[in-house]
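> All chains, full assembly: derive it from the sequences and hints.
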Amino acid sequence: MLRDYVHRLLRPGLLVILFIGVILLFFILIGKPPLQMFWSMLTYSMGDVFSLSETLAKTTPILFCALAVIVPARLGLISVGGEGQLYVGALTGTWAALQFPDAGLWILPVMLFAGAAGGAFWGGITGVLKAWAGVHETISTLLLNYVGILLVSHLVYGPWKDTANLGWPATRSFPVNAILPKFHATQIHLGLLIAMILAIVLHVLLNHSRWGLSLKILQRNPAVAALSGLNPIRQTILVMLVGGMLAGLGGISEVSAIQGRLQPTISSGYGLAGFLVAWLSAQQPMRALLIAFLFGALLAAADSLQMFAHVPAASAVVLQGLIFLTALIINQLPSQWRIPFWTK
Amino acid sequence: MSAAPRFSLQNINKRFGEVNANSNVNLDIYPNEVIALLGENGAGKSTLMKLLYGFYTPDAGEIVVEGEPLVAHSPKQSLRLGIGMLFQQFNLVPALSVLENLLLAFPAAPWWQWRRRRLTTDVLACLQRIAPDIDPQRLVRDLSVGEQQVVELAKIMALNAQLVILDEPTAVLTPQEVERLYQFVAQCRADGKVVVFITHKLADVRACATRIVVMRQGRIVGDWRTETVTDNELIQAMVGKDTGLIVNRIAPPKHLLPKLMVKRLNVSSRVGTITAMDFEVSPGEVLGIAGVMGNGQRALAMVLAGILVPDSGEVILDGVSINALAHETIKVPDNVAYIPESPLTNAVVAQLDLATNLQLRALDALPFLQWGMPALHEAQHKLAAHDVRPSDPHLSAGALSGGNLQKLVIARELSRPVQLVIACYPTMGLDLIATRNVYERLFAQAEQGACIIWFSEELDDLLRYAHRIMVLHGGRVQSIGPVASFDRQRIGRLMTGHAQAC
Ligand SMILES: Nc1ncnc2c1ncn2[C@@H]1O[C@H](COP(=O)(O)OP(=O)(O)O)[C@@H](O)[C@H]1O
Ligand SMILES: [Mg+2]
Numbered sequence: 001m002l003r004d005y006v007h008r009l010l011r012p013g014l015l016v017i018l019f020i021g022v023i024l025l026f027f028i029l030i031g032k033p034p035l036q037m038f039w040s041m042l043t044y045s046m047g048d049v050f051s052l053s054e055t056l057a058k059t060t061p062i063l064f065c066a067l068a069v070i071v072p073a074r075l076g077l078i079s080v081g082g083e084g085q086l087y088v089g090a091l092t093g094t095w096a097a098l099q100f101p102d103a104g105l106w107i108l109p110v111m112l113f114a115g116a117a118g119g120a121f122w123g124g125i126t127g128v129l130k131a132w133a134g135v136h137e138t139i140s141t142l143l144l145n146y147v148g149i150l151l152v153s154h155l156v157y158g159p160w161k162d163t164a165n166l167g168w169p170a171t172r173s174f175p176v177n178a179i180l181p182k183f184h185a186t187q188i189h190l191g192l193l194i195a196m197i198l199a200i201v202l203h204v205l206l207n208h209s210r211w212g213l214s215l216k217i218l219q220r221n222p223a224v225a226a227l228s229g230l231n232p233i234r235q236t237i238l239v240m241l242v243g244g245m246l247a248g249l250g251g252i253s254e255v256s257a258i259q260g261r262l263q264p265t266i267s268s269g270y271g272l273a274g275f276l277v278a279w280l281s282a283q284q285p286m287r288a289l290l291i292a293f294l295f296g297a298l299l300a301a302a303d304s305l306q307m308f309a310h311v312p313a314a315s316a317v318v319l320q321g322l323i324f325l326t327a328l329i330i331n332q333l334p335s336q337w338r339i340p341f342w343t344k
Numbered sequence: 345m346s347a348a349p350r351f352s353l354q355n356i357n358k359r360f361g362e363v364n365a366n367s368n369v370n371l372d373i374y375p376n377e378v379i380a381l382l383g384e385n386g387a388g389k390s391t392l393m394k395l396l397y398g399f400y401t402p403d404a405g406e407i408v409v410e411g412e413p414l415v416a417h418s419p420k421q422s423l424r425l426g427i428g429m430l431f432q433q434f435n436l437v438p439a440l441s442v443l444e445n446l447l448l449a450f451p452a453a454p455w456w457q458w459r460r461r462r463l464t465t466d467v468l469a470c471l472q473r474i475a476p477d478i479d480p481q482r483l484v485r486d487l488s489v490g491e492q493q494v495v496e497l498a499k500i501m502a503l504n505a506q507l508v509i510l511d512e513p514t515a516v517l518t519p520q521e522v523e524r525l526y527q528f529v530a531q532c533r534a535d536g537k538v539v540v541f542i543t544h545k546l547a548d549v550r551a552c553a554t555r556i557v558v559m560r561q562g563r564i565v566g567d568w569r570t571e572t573v574t575d576n577e578l579i580q581a582m583v584g585k586d587t588g589l590i591v592n593r594i595a596p597p598k599h600l601l602p603k604l605m606v607k608r609l610n611v612s613s614r615v616g617t618i619t620a621m622d623f624e625v626s627p628g629e630v631l632g633i634a635g636v637m638g639n640g641q642r643a644l645a646m647v648l649a650g651i652l653v654p655d656s657g658e659v660i661l662d663g664v665s666i667n668a669l670a671h672e673t674i675k676v677p678d679n680v681a682y683i684p685e686s687p688l689t690n691a692v693v694a695q696l697d698l699a700t701n702l703q704l705r706a707l708d709a710l711p712f713l714q715w716g717m718p719a720l721h722e723a724q725h726k727l728a729a730h731d732v733r734p735s736d737p738h739l740s741a742g743a744l745s746g747g748n749l750q751k752l753v754i755a756r757e758l759s760r761p762v763q764l765v766i767a768c769y770p771t772m773g774l775d776l777i778a779t780r781n782v783y784e785r786l787f788a789q790a791e792q793g794a795c796i797i798w799f800s801e802e803l804d805d806l807l808r809y810a811h812r813i814m815v816l817h818g819g820r821v822q823s824i825g826p827v828a829s830f831d832r833q834r835i836g837r838l839m840t841g842h843a844q845a846c
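Protein chains in written order, with this note's numbering: chain X, 1 to 344; chain B, 345 to 846.
These are computed hints drawn from the structure, not numbers from a lab.
Take the hints with a grain of salt, since some may be wrong.
[Stated by the list, open to error] Simulated coverage check for chain X against chain B, where a stretch passes if three residues somewhere in it have a Cβ under 8 angstroms from a Cβ of chain B:
(1) 198–211
(2) 214–221
(3) 227–235
[Stated by the list, open to error] A few chain B residues facing chain X, derived, Cβ under 8 angstroms:
(4) L463
(5) V693
(6) A694
(7) Q695
(8) L704
(9) R705
(10) F712
Note that the structure is a prediction, hence the values are computed from the model and not measured.
The beta carbon of each residue, even a glycine, is placed where N, CA and C say it ideally should be.
Here it is, written out as structure tokens:
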């Protein structure tokens, strides 16, 4: 009993130590003093209110994108489409916000709804292609990412460009009422709260509801679905719609709260980070919440390090990749050597 | 008995936790015997033979080979002593070819000699001898279960075993494959080998054995020469008490107006074909369906269950077309019990717990949000009533043995009254008592007025319990009629495609 309990506490602990080791090794390899750099990373990501606010601001879209991967994954679908759905959600949300320059506060839910709908539409394309034509979801989400990103570029360089910007590709600024409220003077915005609530809701739905059970049955043994009257086509489309909706919310909340207008680049790799978080969390929303925070910290620290310590900008991506790879390798080791990673 | 025993198990004891798997077992094995080791599930047969093979070490007792007591016994030593064992679970690498699997069995071969010429030709010769029709280049994952068993046997023979232990080899075989296995055993005997044949089927015993040893609850409770013992004595020794294992055939239906109608059915699909099939079943009637596996049974069962849409024709139960429903949502209707073949792949979700698996047919009845197990009490009750072991509802279904999975599915499907039961090989992997229990529950449904469609390969049971028999061949009804007009030979001929012969 007690041993089990100690084990459960120890496992994530050991894993974190291992990740720290990976990070230190990375700094040694690029010829920087590792301990000093690691310490700076900590301070730049959580050392004061400003850093913590940066971290949480980045945690928000990562968490949305992670949830967008988790939901389809519960049906066994591997979606890499968080990035594209995020862009399209930002696009449709922006469209709604800019329609009503003089709107009251009611524009906030309308804008969020529009963003969610856009993301859902983008995810739904993949769902329909998969359900009706058997197109592999990983391929179609991957390709739709490019389409979504280019669509935003096309609009902000072209028809939606604010001429007052003098060539700078961006739309008009959001009206004040369409900007998500922030927590005091920080970068932490309402989106974080929404993402956290959705993570909890999804945790309950996926693990404790009849719907979650249906997904499990369909994923594990489709042959049994007919005994239970489950409809694989409907569920495939549904999980892709829900996934897209989540990433879409991430997109519009990021644009509304942080950037204030639609630009060609909205995301600094949130789709990829979300994907990694989803798989590191073993598709558990509550774990994803914690891991998204760590990845947010990593991205925030990398931003600052780039400015103050001349570490290459790509470091964050490299580190994310290394951490993910380490976790994968650990999971593949023969069980007697393995530091047991998340147990299901 | 002649001469000295070649293998001798003396006072063997083996415990697993609380369970006494073997207690004080003494068994002498003499040259040129075929011993049938008979007993119900859990009697300790596999354990005893795994001890002899060196897979387990006895807690107490000795194993003596040719007069020499063995110390530090192991499967490796068995190889030297010429003891080979066919396990219930096969030990093949699915992604490798038959030949590669056979070569892998030789522990001494250093890797750079993996494809040694000599060895390869020897192994091929061995395979050729016992299974001329298996292409050694085929991948093991493409083989049927029966063919995989043959590869395992070839492995044992290639290692030149003198004592061949077969652990329930017929449980997974079709009747044709069973015949071939019997021939294999006879050939072993002719070659001067000793065979121990573990089974709980009396037919196996009669076909092969020179001597019969019966185990019950970890002990040997009987040891006869085959000619000197009757089936009844054997059953009594296995089961322990004088239980009537024979269920009575239930009375044939009174009203003959059809309840289930199958009309001009045509199906051609991945799972099989059906051509121009027509039949009717009355309420309370048991229709037994015989046929060599793969002659349309699977497709017929799925069409009747409403989960395969036929190309033409229809299935009508109580005036409602089952297949018209299937066009909306694919679902087995609530008044139909469906027990498909191979429960692990077709009827349960291995990763989910037993309680949830028992609920699979009634998901809509679950509350939308649910902490903990669904219907825990009911589940415990059903598991106990159907003697599913272990009976912990929290366990995942994948942890159950094949026979217990079968009981689990039957517990789910037959615990409520239904109008139609489709049972595909419902007693496969079950021992005598469990088989009787299944038949009782199956026929109880008929007594309540349900139609029973019962696919089986146990021809004796079909002849004993069914009201009518239908023989399938090539997706067609080869013959259908009252049970009195059939016997084993006639069914056998019809199954292999001979038309209405004498
Ligand atoms: N490896 C094991 N661990 C625990 N219990 C076991 C193990 N193997 C067998 N048993 C138990 O020992 C008893 C005899 O099992 P077994 O020899 O497999 O029976 P049989 O082959 O006659 O069906 C059963 O009650 C079974 O549950
Ligand atoms: Mg056994």
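> The structure should be examined with respect to each hint, and the outcome stated for every one.
These are the hints, each one checked on the structure:
1. Coverage of the stretch 198–211 of chain X by chain B holds in this model, with 5 residues showing a Cβ closer than 8 angstroms to a Cβ of that chain against a need of three.
2. With 5 residues having a Cβ less than 8 angstroms from any Cβ of chain B, the stretch 214–221 of chain X passes the three-residue criterion, so the hint holds.
3. Counting residues of the stretch 227–235 of chain X whose CB lies closer than 8 angstroms to any CB of chain B gives 5, so the stated coverage by that chain holds, three being the minimum.
4. Violation of the interface hint for L463(B) is found here, the shortest Cβ-Cβ separation to chain X being roughly 29 angstroms, above the 8 angstroms cut-off.
5. Proximity of V693(B) to chain X holds as hinted, the smallest CB-CB distance being about 5 angstroms (cut-off 8 angstroms).
6. For the restraint placing A694(B) at the interface with chain X, the shortest Cβ-Cβ distance is roughly 7 angstroms, inside the 8 angstroms limit, so the hint holds.
7. Of the supplied interface hints, the one on Q695(B) holds, with its beta-carbon coming within about 5 angstroms of a beta-carbon of chain X, less than 8 angstroms.
8. Interface hint status for L704(B): upheld, as the beta-carbon distance to the closest one in chain X is roughly 5 angstroms, under 8 angstroms.
9. Hint on R705(B) holds. Least Cβ distance to chain X is approximately 6 angstroms, under the 8 angstroms limit.
10. The beta carbon of F712(B) comes within 5 angstroms of a beta carbon in chain X, closer than 8 angstroms, and the hint placing it at the interface holds.
When each numbered hint is compared with the structure, a violation occurs for hint 4 only.
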